[in-house]
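Student: 0 is the number of the first residue of the sequence shown in numbering that gives the first Met the number 0; add one for each residue after it.
Treat the hints as calculated values from the structure; they're not laboratory data.
Just so you know, these numbers come straight off a predicted model, no measurement behind them.
In this text, a Cβ means the ideal position worked out from N, Cα and C, and glycines have one as well.
Incorrect hints may appear among the rest.
[To be verified] The calculated PhoX-like cross-link candidates involving lysine-lysine, where the alpha carbons are at most 20 angstroms apart (straight line), are:
no.: 1; residue 1: Lys589; residue 2: Lys766
no.: 2; residue 1: Lys589; residue 2: Lys623
no.: 3; residue 1: Lys238; residue 2: Lys190
no.: 4; residue 1: Lys241; residue 2: Lys190
no.: 5; residue 1: Lys491; residue 2: Lys558
no.: 6; residue 1: Lys690; residue 2: Lys491
[Unchecked claim] Simulated restraints on C-beta separations:
no.: 7; residue 1: Lys578; residue 2: Ala230; range: 49 to 55 angstroms
no.: 8; residue 1: Gln702; residue 2: Asp622; range: 35 to 41 angstroms
no.: 9; residue 1: Trp114; residue 2: Ala284; range: 50 to 56 angstroms
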Amino acid sequence: MGMQRGVAVSVVTMLLMVGLTMGLSSRIEWSALRELRSSLGIRAKDWPIKTEPCRNWTGVQCRNGRVVGINVSGLRRTRLGKLNQRFEVDSLVNFTLLESFNASGFLLNGSIPVWFGQSLGALQVLDLSSCFITGLIPDSIGRLSALKVLFLSGNGLVGTMPSTLGLLSNLSALNLSGNSLSGTLPNSLSKLGNLRRLDLSSNYLSGSVPPELGALSRLQILNLSGNSLIAAIPSQLGKLSKLFELDLSMNFLSESLPAGLFSSGLLGLKILSLKGNLLVGALPATLGSLRSLQFLDVSSNNLTGTLPNFSSWNVSSGAVFNLSNNLFYGPLNVSLDKFKMIDLSSNYLEGEMRGGGDVSHVSVARNCLPMLPNPRDLDECRAFYMQRNLPFVFPESESRHRRRVIIILAGVFGGLGIIVLLTLVLILVLKQCHNRKSLEVQSGTKDGGPVPKGESPPPPKDPVFVTAVGEAFSFEQILGLTGNFAEANILKHGHSGDLFLGTLENGATVVVKTVDVSLFKRESYIVELGLLSKVSHARLVPILGHCLENENVKCIIYKYMPNGDLASSLHRVIGPDGKLQSLDWITRLKIAIGAAEGLAYLHECIPPFVHRDVQASSILLDDKFEVRLGSLTEVTAQGDLHQRVISRVFSKPLSSNPGDSGKSSVTCAYDVYCFGKILLELVTGNIEVSKSDDASTKVWLEQTLPYISIYDKERLIKIVDPSLIVDEDLLEEVWAMAIVANACLNPKASKRPPMRHVLKALENPLKIVREENTSSARLRTNSSSKSWSTAFFGSWRHSSSSESAAAAVNSNKGGTSDSKKSGKVGSQSSGGNDHSSSNKRSSNEIFPEPLDMQDVEARESR
């Protein structure tokens, strides 16, 4: 009897093992898999049609001969599949036992079908993150009663969050981050009693944080950053006893931090980020009771008061705190030893730092500490303290030091002034002698005799150097080339003259630009000729000749560029049916590199030349889409503020960005900024970006730049030109170009990379995104100053060790907490002391940068 029982047990065990390894037994599911293979365009290498799916198809998981899991994440499509990337998964309705469907990163253009919640009753895991899904989240999602994990992050979902999400009682993880969801947070979320992770960051959610979220007793991670949430932080969140990460950064949360938030429940909290809000008041003393706290970021708020006594705080050893860009004041004589890193920059602290040991982990720049590097202006500090009726003592030692420096400088500059004056006098004397000698020479004939009566010296000709550039054409030849400047031959009306199409006698096509000297300064027609007599490069527009003999109209003859300029070539209507054709990515990258080569050459000249008119219409393209830089009439030698030889001579106003002093456009950094907009045009397809700096352009930049992060490639999909068809490798190149553009658009001129480093980065795009790219978890504590920019953007950023420490503090959230949408970003003064609600956002949130390029100081104007 016992032997029979043992045999029976063995048979049952064997049958179970066979059930787990047996092939697909359902013909309906076999047919459905083949249909799914066809609709998604899965390659035969991954899903070989003549093999058994349960054993041989990548990502297909079976149990007892039935399909229970399908994972297409990481699979590649066939060529035809890439051309038809649609959300065509209707065959999933046939998998009645399906528990998991993972398509993360697999592009499924379209919206989530309503039947998902009606036919997949056994589904426990649904991962559609970064699939380029659009449309609404269907209410039927709430019918997936068995669902435990729902990931829809990194898509283009819009509309409000359906209240039916509250019906998913078994849900443990909900991630809807990186979409365009709007409206308020539904109160039904409080019914998700099993929820452990809730991530709704980087959306457009508004309203207040629901106090009902405090009922989610099992919640461990709560991330609502990068939205438009307002009002106070509810103290009910303090009941989340299992919470170890709370991120409410980059919203419009206001009022003071509630003391009850930290009084008892959040004892396990390790990460707290509240940066970039409108919080006021002092840090509550109860914050010091969070014994597990390892990371605190309350930067860029309106917090004020004196610093707490950190020595009494119960925080973990080696914590990282960021209190920068606030209104903290008072003495700095507090213990900072227990911190691994602390950023106190851009406040109004005074006094002296306690202790004389290693303080490399402390950043105190932009404070009222005149004895330390990079302090605030003392007048600014005095005004701050006077407004609040607080005592502020001007350091006497600093006063004496300043007086000493002023006396020394006065002596030095006084001596230099005398030397300069004597030099000018000498130059004037020599010039007068030279002029007298010239008059003596001109008073005779070639042989030395007197000039015959009735004759006079010929009028001075145009500068000699222009004759070295191209062929000299007669005005009659110009009229013949252009058909007497016929209206039909006009290519376009440029800001420095009209451009006509012309044909030489040998049949070659040229472009003739006319300059009406009655409308502009007389010197205008020689600006480009003068430049090209000094410099020569294949990336500058070839000038074939000139015509200067007519008194009223001067002409410059260019080589014809068959593909026009970037503004007209990026998107071009072709054929009688009006089909729109856009440049492919390989050509766009080629254009970016070519333009960078030309600008890098100009910037490396001695003295450096600034183009000053870098826009899509200035980038000319020959028959092979090779770049030739045009619009050279704005070129100016860097630092030549008087612009005597090569100057801006036309009436068209150059674009000016906020904070321009009027001199900033005569710097190479100005060209770099404009080139950053060119790169954004190539990435996004928006050809209007580089043309102006009007309000709409600024709004567009504020909306677009937050999607560029070196830590998160998937966010870029939202802004990439829809006409681009790129595979994974090409998408990395697009990502790299966007990162370079972001660096070029730094509002602080000194932080922009030189053009030679921009060129190097564009020539090696994959190295930017494939080297030293760390996860966001590492970034929370990474203090290394070496990063991708060290290799590709060189050592152009000269920062103090304290600023490097501050940058590491700011790296807490990798690529997620820096995202900010339109309407949430303002400007901050160079002093970092403007904390009004209308100017709340610091510019490093508007222009997110790589780790070692961030700066806790408010960005100064260009």
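Student: All hints are to be evaluated individually against the structure, with a verdict given for each.
Tutor: The hints, checked one at a time:
{"no.": "1", "hint": "Lys589 <-> Lys766", "verdict": "holds, 17 angstroms"}
{"no.": "2", "hint": "Lys589 <-> Lys623", "verdict": "holds, 10 angstroms"}
{"no.": "3", "hint": "Lys238 <-> Lys190", "verdict": "holds, 15 angstroms"}
{"no.": "4", "hint": "Lys241 <-> Lys190", "verdict": "holds, 17 angstroms"}
{"no.": "5", "hint": "Lys491 <-> Lys558", "verdict": "holds, 16 angstroms"}
{"no.": "6", "hint": "Lys690 <-> Lys491", "verdict": "holds, 16 angstroms"}
{"no.": "7", "hint": "Lys578 <-> Ala230: 49 to 55 angstroms", "verdict": "holds, 51 angstroms"}
{"no.": "8", "hint": "Gln702 <-> Asp622: 35 to 41 angstroms", "verdict": "holds, 36 angstroms"}
{"no.": "9", "hint": "Trp114 <-> Ala284: 50 to 56 angstroms", "verdict": "holds, 55 angstroms"}
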